[in-house]
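Asks: This is what each chain is made of:
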Amino acid sequence: MEFLLYLINGISMGSIYAIIALGYTMVYGIAKMLNFAHGDVIMVGGYVSFYATTYATGQLLGDNPSETAVGVATLVSVLLAMIVCTVLGVIIEGLAYRPLRQAGSLAVLITAIGVSYFLQNAAQLLFGANPKNFTSVIGGQLSLFDGQLRISNVALLTVVACVVIMIGLTLFTGRSKMGKAMRACSEDKGAAQLMGINVNRTISLTFAIGSALAAIAGVLLCSYSPVLQPTTGSMPGIKAFTAAVFGGIGSIPGAMLGGILLGIIEALAQAYISTQLSNAILFAVLIVVLLVKPSGLLGKYVPEKV
Amino acid sequence: MKKSRILSLALAGALSFSMLAGCGGGEGGTANTPSGNSSTPAGSEETTPVSGGSASGTFKLGVIGPLTGGAAIYGTNVLNAAQIAVDEINELGGAVQFELISADDVHDPETSVNAYNNLMDQGMQILVGTVTSGPALSVVPLAYEDRVFTVTPSASGDDVIEGNDNVFQVCFTDSNQGSRSAQYIDEHFEDVKIAIIYKNDDPYSQGIRDNFAAEAETRGMEIVYEGTFNESTQTDFNNQLTSAQSAGADMIFLPIYYTPASVILTQANAMGYEPTFFGVDGMDGILTVPGFDTTLAEGVYLLTPFSADAEDEATQNFVSEYKSRHNDEIPNQFAADAYDAVYIVYEAIQAAGVTADMSNEEICDALIAAMGDLSVVGLTSAGSEMTWDDNGAVSKDPTAVVIEGGTYVTP
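Protein chains in written order, with the numbering used here: chain A, 1 to 306; chain B, 1 to 411.
Source of the hints: derived by calculation from the structure; they are not laboratory data. Please note that a few of the clues may not be correct.
[To be verified] Interface residues of chain B toward chain A, partial, derived using beta-carbon atoms under 7 Å:
hint, residue
1, G69
2, T266
3, P275
4, T276
Think of the CB as a built atom: it goes at the ideal place given N, C-alpha and C, for glycine as much as any other residue.
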C-alpha cells in the first residue's frame, strides 16, 4: 500500500515535470535551442495566477464568496496566466532569440541563461523576495480502501492535465496545418522556407504554445507545493530539462515518459534508499540511460552527414 | 556531432546547477577565508589614550540579517526591535549613545560577507548579528580577526561562538535547543512516536537534529523515521510525509525554518495526515507567511523564550511600542532577542567603561572582560538572569508555546 502511495506521489510530481518538459522539447525540436528561461516563465505564471486569485477573492467577490465563484475566479486566473506567459514567451523569443537565429548555438544558450536571470531578478523587484503561500483551491482527497490510500485531488488533476495536454499536442503537431509546418521547420528550416512556410512565425508559435504550457505547469506546481518565490521555477525547470533529455529531446511522448519516470525514480529513491541521495540517484540513472541510448528513451537517432 | 556536444554541455550545466543548489546554505568556502583587503575598520584610526572609568560617546552598532528573502521576517524583526532599543537608550540622554546601521544578507553566507564589509566601511564598532547561523559562520571569523565585539541575537549554531572569544549569543545554542526540545517532549507527551524531517545542508537544522537525536536516545524515546531535504528539494515533502505516516509517527519534529515548514503543514493536510508538529525557533514566523492558511498551524508546538502575550510590564511595553511603529504587527522572539542584545551591549559598555573614541580592539577586549560578570534580565529570559560562559553561550531556561486561535499560548 505504501508502495502505491509513493508511486502516486512520483507520478503526480512527474506529471508536472512532464508538462514543463513538453515546453523544452518543443522548442528544442523546432528551434534547436535550449530555452533555459522556460523554468522562469513557470514562475511568472504562478505569480500571475496568485495575484489574480488574491485580487478576485479580496476585492471582487466580497466576504463570503460561493465555491463556484472561487472556482470561476481560479479558472480565469489560469487563463490570465496563460495569456501573460504566451505574450512573454513571444516577446522573449522576438527580442532575445530571433536576432541570434544565424549565430552559433552557444551564443543562444548563454542568452537563454541571461534571460533566465533577468526574469528571476525582475520578479524579485516586482513581487519582492518574500515567499508567498499559494493557496490551492483544489482541496480534499480521494479516499480508497477504507482510507488506507489517500490521493489528493491536486495530484489527480495534475495527472489528468498532463495526459490531456500530451494528447492535444500530439494531435496538433500530427494533424493541423500549423503542426505540419512545425515539423517541417524542425526537419529543415531552409527547405521549409522554400515551401512557403513562414519560419519565424512558426518558431514564435512554438514559443507561444510552450509558454502557455509553462503557465499551466506553474499553477499546478504551486497548487502542489505552495511556496511561491522568484526562484520557484529554476529547480523544477532543470529537472524537467533532464526529463526531456531522458525521454529523448524533441519527442513529445518522450518528454511525457521522461517526466513521469523521473518523478517515480525520485519518489522511490527517497522512499526506499535515501532522501539525501535521491538527486544523485536520479542523475546516475540519467547517465546510464544516455550511455546505453544516447538519444534518450524515445529520441530518434539522426546520423549527421559529414 | 554538433548536436550532441551542445547537449552534453547543457547537461553538464544542469548537473553543476543542481550541485550548487545542493551546497547552498552550507558552511560555504568563504567561512575560512582570511579577511582583510576589502574591510577597513574606520574606528581604529584615532589613537586617543585609554581613558578608563566612565563610558561615553556615540557607538556605531551594525545589524546584519536577512531583510529580504525566505528568512526576511527574522531580519526585519531584529532590525525593528534593535531600533526601538537604541531609541530608548538614546532618549535616556546618558553619556552612551548609539547609532544604528544595517545591511541585508538575504540569509546567504556570501552576501553576508559583503554586508559585513559594507558596515565596516561605514565605521561599525560593535556588531549585533548576524541573525541566522549560516551567514554567521562566514561573518564571525572576519569579526574575530578585526576584533569587532559581536552579540548575535539569534544565530544559534554551536560553531558560531566556538573558538571566537568576541562572540556572545542571546538565544540558546542549537545543542541547547535540540536537547531541550527532546526533554520537553519526553516530559509532556507520553509514549510518542517521533519522526524528524530536517534540512541536511543547513548547519542550523543539522545541529539541532543531532542534539535532539542524542538526547532522545539517552532518554529512550522512540524515533520511527528520519527524512531529509535540501535547498533544491524543499518544495515537495509528500514522500517524507508518506514515510512518516506509514512508520506510525504521531509527532513530527521540525528543526527547520518556517517557509519549508509551511509547505509540510499544507501537504500533510492535503494528505489527511494529522500528527502533532513540534518546531524550534525557526518555526517562529509561520503565522506571517503571506497567503498561508493559518488554521493549518493550529496545535503546532514551538520552543521559544518569548511570547508576546506574556503579562510582565517590560514585554507589554515592548510589544505595544513595536505594534504602534509597525502596523500592529506582533513582534516575534527574534525581535525580543535583538532588543535584549542592544541592552546587553549597553550594560557591557557601562560595566567596562569604554568610550566611543577607543579602537575596535580596545572596545572588544574590554567588553569581553566585562561579559564574564554581567547578568542581564531581558525579555527573553522570563524573569531569570542571563549569564554567559567563556564560550559566549547564554544560560537561561527555554519554554514551549502552542499555537491556538492564531497566537502563541503557553500550554
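Asks: Against each hint, give a clear statement of whether it holds in the structure.
Replies: Hint check:
Taking 7 Å as the C-beta contact cut-off toward chain A, the hint placing B/G69 at the interface holds, the least distance being around 5 Å. Because the beta carbon of B/T266 sits about 5 Å from the nearest beta carbon in chain A, less than 7 Å, this interface hint is met. A hinted interface residue such as B/P275 counts as satisfied when its beta carbon comes closer than 7 Å to some beta carbon of chain A; here the least separation is about 15 Å, so the hint is violated. Annotation: B/T276 was flagged as interfacial toward chain A, and the flag is violated, the nearest CB pair being 19 Å apart, outside 7 Å.
Hints 3, 4, counting from the list given before, are not met by this structure.
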